[in-house]
Amino acid sequence: MKVLSTVGVLSAVMLAAAPVAQAADAQDANAGVFKVSHVDGSVIIAYDCPKGDKATITVQVKDKKKDDSGKGKAENLECTGKPTLTTVDTDLDDAEHGDPVTAEVSISATGNVPVDRKISDYMGSADDA
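For the sequence shown, the positions run -23 to -1, 1 to 106 when mature numbering (1 follows the signal peptide of the UniProt record, and there is no 0) is used.
If you're looking for bench data, these hints aren't it; they were derived computationally from the structure. Wrong hints could be hidden among the right ones.
Straight-line Cα separation of at most 27 Å, DSS-like style, residue types lysine-lysine; simulated pairs [as the list claims (entries may be wrong)]:
1) Lys59 / Lys28
2) Lys43 / Lys12
3) Lys12 / Lys31
4) Lys12 / Lys41
5) Lys48 / Lys12
6) Lys12 / Lys28
7) Lys31 / Lys48
8) Lys12 / Lys50
Here are the simulated distance ranges between beta carbons [stated by the list, open to error]:
9) Gly9 / Asn53: 33 to 39 Å
10) His74 / Lys31: 33 to 39 Å
11) Asn53 / Asp76: 29 to 35 Å
12) Ile21 / Asp44: 22 to 28 Å
13) Gly88 / Asp66: 34 to 40 Å
Every value quoted in this text rests on a predicted model; they were computed, and no experiment measured them. Note that the Cβ used here is the ideal one computed from N, Cα and C, for glycine as well.
Build out the structure end to end from the sequences listed, making use of the hints.
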């Protein structure tokens, strides 16, 4: 019985500490690829960073089929403290529907150390509309 009560106490301590860890994570700047448009090479980025900061996002994209690459940058993005979407235009040439495209995204926010380099692979349909 003593073992079960110890496990219960440890579980309660871990659950109590979990929200603190999540609150600390909210002070980081994070970015990830949401979608790459094959039509114009633009990249939709999901990002979050501390409210009141300004963020800069850089993107490098590569069309693996054509061995073509491009870059793009968005500056002075407002940080709301919540996940936000933005579109970053790149100079990647148009791709064919279904071409494998790799996008590398980095974000830095004022007041933060240049942070979090995220790499995401995207393969999907183009925006044909």
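Verification of the hints:
no.: 1; hint: Lys59 / Lys28; result: holds, 8 Å
no.: 2; hint: Lys43 / Lys12; result: holds, 19 Å
no.: 3; hint: Lys12 / Lys31; result: holds, 22 Å
no.: 4; hint: Lys12 / Lys41; result: holds, 16 Å
no.: 5; hint: Lys48 / Lys12; result: holds, 15 Å
no.: 6; hint: Lys12 / Lys28; result: holds, 24 Å
no.: 7; hint: Lys31 / Lys48; result: holds, 20 Å
no.: 8; hint: Lys12 / Lys50; result: holds, 16 Å
no.: 9; hint: Gly9 / Asn53: 33 to 39 Å; result: violated, 20 Å
no.: 10; hint: His74 / Lys31: 33 to 39 Å; result: holds, 36 Å
no.: 11; hint: Asn53 / Asp76: 29 to 35 Å; result: holds, 32 Å
no.: 12; hint: Ile21 / Asp44: 22 to 28 Å; result: holds, 23 Å
no.: 13; hint: Gly88 / Asp66: 34 to 40 Å; result: violated, 26 Å
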